[in-house]
Amino acid sequence: MQKEIIIAGFGGQGVLFGGQVLAYAAMDTGKDVTWIPSYGPEMRGGTANCTVVIADHEIGSPLVKNPPLAIALNLPSFDKYESLLAAGGTLIVNQSMVDRSAQRNDIHVIMVPCNEIAEEIGDKKLMNMVAMGALLSALPEVSVKDVEKALEGHLPARHKHLLPKNYEALKRGFEHAQKEWDKVPA
Amino acid sequence: MQKEIIIAGFGGQGVLFGGQVLAYAAMDTGKDVTWIPSYGPEMRGGTANCTVVIADHEIGSPLVKNPPLAIALNLPSFDKYESLLAAGGTLIVNQSMVDRSAQRNDIHVIMVPCNEIAEEIGDKKLMNMVAMGALLSALPEVSVKDVEKALEGHLPARHKHLLPKNYEALKRGFEHAQKEWDKVPA
Amino acid sequence: MAAKGWIEVSDTYCKGCELCISACPQDVMELNMSRLTPKGYHPAHTFKDGCTGCAICAVVCPDAAITVYREITKVNTPVTA
Amino acid sequence: MAAKGWIEVSDTYCKGCELCISACPQDVMELNMSRLTPKGYHPAHTFKDGCTGCAICAVVCPDAAITVYREITKVNTPVTA
Amino acid sequence: MPKELWKGNEAIAEAAVRAGLEAYFGYPITPQTEVLEYLSRRMPELGRAFVQAESELGAVNMVYGAACTGVRVMSSSSSPGVSLMMEGLSYIAGTEVPAVLVNVMRGGPGLGNIAPAQSDYNQAVHGGGHGDYPRIVLAPASVQEAIDLTVLSFDLAEKYRMITMLILDGAIGQMMEPAEMPEMKPVHRQDFDWATNATMGKRERRLLTSIYLNPLDEEQTNLRLLNRWKEVQANEVRYKEYFIDDAEIVIVGFGTAGRVALSAVRTAREQGIKVGLLRPITVSPFPTERLSQLTGQARAFLVTEMNMGQMLDDVQLTVRGRVPVEFYGRPGGVVPFPDEILNEIKRINSAPTAGHTDARDAWLTRMTAQV
Amino acid sequence: MPKELWKGNEAIAEAAVRAGLEAYFGYPITPQTEVLEYLSRRMPELGRAFVQAESELGAVNMVYGAACTGVRVMSSSSSPGVSLMMEGLSYIAGTEVPAVLVNVMRGGPGLGNIAPAQSDYNQAVHGGGHGDYPRIVLAPASVQEAIDLTVLSFDLAEKYRMITMLILDGAIGQMMEPAEMPEMKPVHRQDFDWATNATMGKRERRLLTSIYLNPLDEEQTNLRLLNRWKEVQANEVRYKEYFIDDAEIVIVGFGTAGRVALSAVRTAREQGIKVGLLRPITVSPFPTERLSQLTGQARAFLVTEMNMGQMLDDVQLTVRGRVPVEFYGRPGGVVPFPDEILNEIKRINSAPTAGHTDARDAWLTRMTAQV
Amino acid sequence: MTTPANNLVYERPEAFTETPTHYCPGCTHGVAHRLVAEVLEEMNITDKTIGVAPVGCAVFAYNYFDVDFVEAPHGRAPAMATGVKRVLPDRVVFTYQGDGDLASIGMGEIVHAAARGENLTVIFINNANFGMTGGQMAPTTLPGMKTSSSQNGRDVETQGYPIKVSEMLSTLEGVGYCVRRSLHDPKNIRLAKKAIRTAFETQVRGLGFSMVELLSTCPTNWGMTPVNSLKFVEEHMIPAYPLGDYKISDAIKQIKI
Amino acid sequence: MTTPANNLVYERPEAFTETPTHYCPGCTHGVAHRLVAEVLEEMNITDKTIGVAPVGCAVFAYNYFDVDFVEAPHGRAPAMATGVKRVLPDRVVFTYQGDGDLASIGMGEIVHAAARGENLTVIFINNANFGMTGGQMAPTTLPGMKTSSSQNGRDVETQGYPIKVSEMLSTLEGVGYCVRRSLHDPKNIRLAKKAIRTAFETQVRGLGFSMVELLSTCPTNWGMTPVNSLKFVEEHMIPAYPLGDYKISDAIKQIKI
Ligand SMILES: Cc1ncc(C[n+]2csc(CCOP(=O)(O)OP(=O)(O)O)c2C)c(N)n1
Ligand SMILES: Cc1ncc(C[n+]2csc(CCOP(=O)(O)OP(=O)(O)O)c2C)c(N)n1
Ligand code: SF4
Ligand code: SF4
Ligand code: SF4
Ligand code: SF4
Ligand code: SF4
Ligand code: SF4
Ligand SMILES: [Mg+2]
Ligand SMILES: [Mg+2]
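Chains as they are written, first to last, in the numbering used here: chain A, 1 to 186; chain B, 1 to 186; chain C, 1 to 81; chain D, 1 to 81; chain E, 1 to 371; chain F, 1 to 371; chain G, 1 to 257; chain H, 1 to 257.
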């Protein structure tokens, strides 16, 4: 088993941390995992992304050209990864930040109004966790519970009081995605 | 034909210049020649030497371990090159600065009181030219005339007035050596 | 009466840093929260009258995004070389 | 009367630079032209009486070649700690 | 110790601390800066020495000074910064004091970029500073390996009184992986009989210098170093093999290029191609002997690197034309994807090469046509 | 021009002047200092730029700046100083501007000594600065050759927009030989279409930089440089042969080691041994093709160097085990005498070697036993 | 809106290219750039100017000025500029350097370019940290200031004291003009521009080495808004780095702008 | 001649080894060495001292002092000393550097060691040229002075102005003690020794960076007798490099020797 996930968006959208939480969740359930960010000055005010690879064997390449799974938190990321996604893959899109619909039809595009859902929960910043919840609907190897535990274990102490809202965000994202999947013709 | 000559003494005894004059003389008569000094901080207040190679073909090594010809202008040089000289070779020794006689008898050691002769000519500094004259007695490939021409051609202008004395020194050295050779049992 | 002036803020250059806003002596500038530049910034603009064309905003703008104009009050003043 | 002193110049270290000679306030030093050190220098020495043991020669010597002594005029002076 | 997610650069820093690092001197440069930043906090916390030097030149000479006292000392940098250390490295080598240097390589030459690259292999392994001097060079391919090799590097440096370099690319420096840290070792200052730590009235004074005015003495030093290197070659070669047993095609790749190749090898194996991977962990000493053995087994080698073919020469030097050697490289900060290497495997598998004299030439022709 | 006795270092300086050198930047270091001293007088005399830089680091970056304007510019140094130039050289290479650098090598590593050595071959030819970049490296063996190659180096640097290095050892820098200077060429500032010499209102502005933030652009640059290198390899290989026609043993040696070998070859020939000498003049590009041809003719090679076997690897890479390669080196500033090489010739001639896998090892064993 | 040209009070200088800068919003690197561009234009020397970019946030400076540019290794801009200027003495050559570039790694080069009295103009951006690499301590970081490599605040005992570069360089005879200005408000920006102008005039007249040190902001790494960053400059940087004229040679005092 | 020990007025310091120096006759490098040895001995710190030798004529300094020694790359002694001192803060660490070493190639390292206030002592030998390599121009060469790389005399227009190192470093806060002395006569030699003593006391008490600049001779490359060289120092060097106390921190002023 090996799964590759790319999470992409603006700097400040919690892209890197989202990926780390996923990596922790996978690690804590005994899988091998790699997390690698894009780095350097091009990050300054621009876009950020990270790649997470989860496998049950020693991981080779930590980078992937055509991921089967991706989260696009903004429009440029949607543009980029819609075209790069592997055929048959799933792309979680933050609907709140894009103004177009999917163009490819050999991939699954799950639209999630992450910002709105996060704002409903009461913390705009949780938008990344909403998207993460949605992603998990397409990643059976990692459960929502696993991610919750990872958050509990690795969220910095000063943010621990935010745990319940994080859980809520994950759940809402997962549920929203489930509904979208149900719409997908089998 | 190839001949190697080492000229050695204290810094300040005109060792390097003596070698250069010889090199010029050889060059001006159409031979190939190399001149190479010992260099660097060990020269500071210590000894200096240079190696001249004269040949009628492209010269390989500019350095030589056991030269057939050498001039030793002081005691340390006498000590060093007496032992290094090739068997059958000739060593011109500045008798004025050594207090011992030769130990090897498979080489020709020609003692020349260079300082005294130079002082007689009226310039202590010409001691190197006295030795050079003596050397020429064992180096038929370069004549005293050749060296005189080299001096004429390459002595810095401000020293040109010293030419006659230089000639004198060469001649006296050569003649002294001739006499010594005559003493050598055939 | 103070001179009347106006400014243009370039969408290409403005990064919404607010330095002009805090520097404007007439307090006539703000970020335009209803617009985004192609780079995704809310650009600065004058939101009310009162600009004198003093160009202080342009002096502090790190992105040379502001062009400043002033109404010419005295016309035909001969220019001495 | 000036103190009476004397010096020793080490053949191992002296390089005949003459700095001591020119510094000696009593002008009692010169190079010893009749001797050569193992390195080939004419070493400094005192060539006449008059050394006061002032140690100025030692202070200027770049090669720490000079040892300076002085005759003890007051003996048994108790040394207070 | 349980596994934690560690970022490569920070893992190296913490591993060094646990191995008894007493002093760190460095200068910020991407993609290495986290090593310095981490240690800027961690070292003072433990009462150990940390200095952000004025430059890499300053840093390497601070390392040199501390190394002379016999403590465990390290610096880290990235390509341009490491180039500035070449004089210092040559001095450290000539003085025979142990020191550890980490190079988190980036795209070059010149300012280049900060993307992952392996183009300082030759500098680390062959050229670099002036003069003949051997050095140990380790090339981790994962965060765990980065930790383990960091610890090892101090032991090797001390054992052989030799520079030990870790070369990794930005990808390994920046990535996070689950990894286990070694126990924290108490700092144990060894009483080396060469260390210049002041006599304290207890011994004869010591000198540490790289000057040998007499060429014959310098020659002796050169030969001593080379003889010591023979010991290193005999004892310290390390590599890792994957799917080698029955491999007919053997890929040779280190660091990230090696692990990317592993992905390709897996896929190729699924497709029934008998391909294996030899991943040198010590690129200096190079696993010459093992590679030579494999020359009897493999019908072709494929060298993969994130450069224009540097380790390639070492492979060719060993293979000596007995089997074809092919090359696939992505220079300039590009990390190859597994499918590119898979394509190479397939190409070699289906149309066995005649064995060109220069694998680099053939690759260049293909690359140039392609882009 | 009639021949004059020229000292190697001064000959290089004057030759550069005659080739149109417009700027020299350097820092004193033995055994190279005469280049700087000569030019400190000569350049201002001609109204050209001379700066004694604060350091070699300063010097190489002054060279870099002047090179960007398209003028002929040079620096010179010796081993430790050249190590300090590695970052700058990598930048110059990455920016593709022409520059000439002379390294009058001395014994190393570290401070070493000032005696003649050839131990920066690897640094010059293979490693050196960070990143992949080709460079032309010329190795004169006489004063005349030093002159001719100095002139050539400017032409090559400009033609290929590439660093051209002269590596020579202190012996050639310090020796005098009869040599002919080229005519004084008037300075002719070429109007390169890349030179940043200010627009003067006549053209679009230009940039010269070595930064390629996008790895794909950097990769393109790397490949462009390598393709240009192929041209250099095709056009610029230079070497000199002695007694090669019927040689059964071929010595390969450059610079002083090469000319010392010539003396040994002469003596060996007198003794009836069929030995010849291949003396590479361009050590980069290396005369691979010619050496490969000779592999068909020779029954053994002997590489002689004043180091511990650096060019040796390049020879072995070419010979690829087809014939035995033997090595004789004197590192650390020792210049071999002809009789030492003669002994090697005789050894090889009388007891043909079985062809060890590593000539360096065999040599080291012999040397270690000997001293 | 029709705008007769003579209504124009201020517009983007022509010495600028049309490329938007990559600087963070509100970073006063941009102001410094603009001032240099205005001066080049006013002095009508754009055509004959060659810039030397540093390694630092201003590494891409070459994209923004409509003049020839070269890009130096980190800290070596003064040496590279020396190389350029010595072979093209009639051109105007300037370096633009950060405090990491000039005062840390490049200390040797700047001191010697100044000591030699190279006819160069140096624009020195003191923003108290290494901006480009993510905000590490610079030689100019204030005592107690937190950076990513002085996480508990710069401890002068172990991490040293700030270097006052202008004061230091002014001890050198080769220096013609050396002043410190700030970019934190319109008045000081105007004074900064005048200083930049004087520095270039110094060069054009061959009066020796000229440098303008500019106190600048780094909102991103200081973790402040751009507006608060300006306040930080006023309240903390200026007391540590007093504005002033550290050296103006007599010949330069005569220059009237 | 029997010499009762208490007759002794002066003898070669014990902190010296028995190796004769390689310096040219009359070179005041030797005087500087002797003073350092005397101070180490008087302070009783020979046992815990580690010296850092430069590349320059003093490259073999390590042969002459009976203390541990390391030999730095040209100009990098202050960095190397920093490395030593940071891991052995209770040892006494000094560098001994020439003006080529410290003021030319090593400018970056000395400025930063000083700025960091490293607890080191630097003995800085200003002899106005690069002695070891045969007398090239140094940053401290006097205007108009002939050297092998300023053969018509140093032309300040193209070859720059002398750097007054003590004055320059004294602008740095990390510097505790920075003075210039001369070795040209007995009185000044005594003052030099006192300064060296104070510098080491500064270090021993942890009061920051200390440096003594010593005007020194180079008879060989100046082409003068040793005696005339001393006169040259007095008549030409001192006017260009005034002797004096450039920085003495308050704490150090309290030290009584
Ligand atoms: C030799 C070398 N060392 C380190 C770096 C990494 N580096 C790039 S920019 C920089 C510091 C920039 O700081 P500063 O000069 O203050 O400029 P700022 O970004 O603050 O404007 C460093 C350390 C490099 N590129 N090259
Ligand atoms: C990197 C490097 N550059 C140059 C040299 C050559 N070099 C040796 S000593 C020296 C100058 C010494 O002058 P200074 O420091 O003034 O000492 P002095 O001999 O005058 O006492 C130079 C340039 C070197 N050894 N290493
Ligand atoms: S020109 Fe003056 S008044 Fe008008 S907006 Fe700008 S700062 Fe305000
Ligand atoms: S100062 Fe310039 S960039 Fe900033 S908000 Fe105003 S117009 Fe925009
Ligand atoms: S000063 Fe010293 S070295 Fe010089 S002559 Fe006097 S004793 Fe000899
Ligand atoms: S001790 Fe004084 S008087 Fe005696 S020789 Fe020395 S300087 Fe002269
Ligand atoms: S990091 Fe700082 S200095 Fe760099 S552009 Fe951003 S705000 Fe400006
Ligand atoms: S060369 Fe000069 S500095 Fe060096 S030892 Fe001789 S006199 Fe002293
Ligand atoms: Mg900065
Ligand atoms: Mg000096």
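Calculated from the structure, these hints are not laboratory results. Fair warning: there could be bad hints in the mix.
[Stated by the list, open to error] One side only, chain H facing chain G, incomplete, derived with CB under 8 Å:
id	residue
1	111
2	116
3	117
4	153
5	168
6	172
7	173
8	240
9	251
10	254
Where is the CB? At the ideal position from N, CA and C, for every residue including glycine.
These are the hints, each one checked on the structure:
no.	hint	in the structure
1	111	holds (5 Å)
2	116	holds (3 Å)
3	117	holds (6 Å)
4	153	violated (16 Å)
5	168	holds (5 Å)
6	172	holds (6 Å)
7	173	holds (4 Å)
8	240	violated (11 Å)
9	251	violated (14 Å)
10	254	violated (20 Å)
Going through the hint list in order, the structure does not satisfy hints 4, 8, 9, 10.
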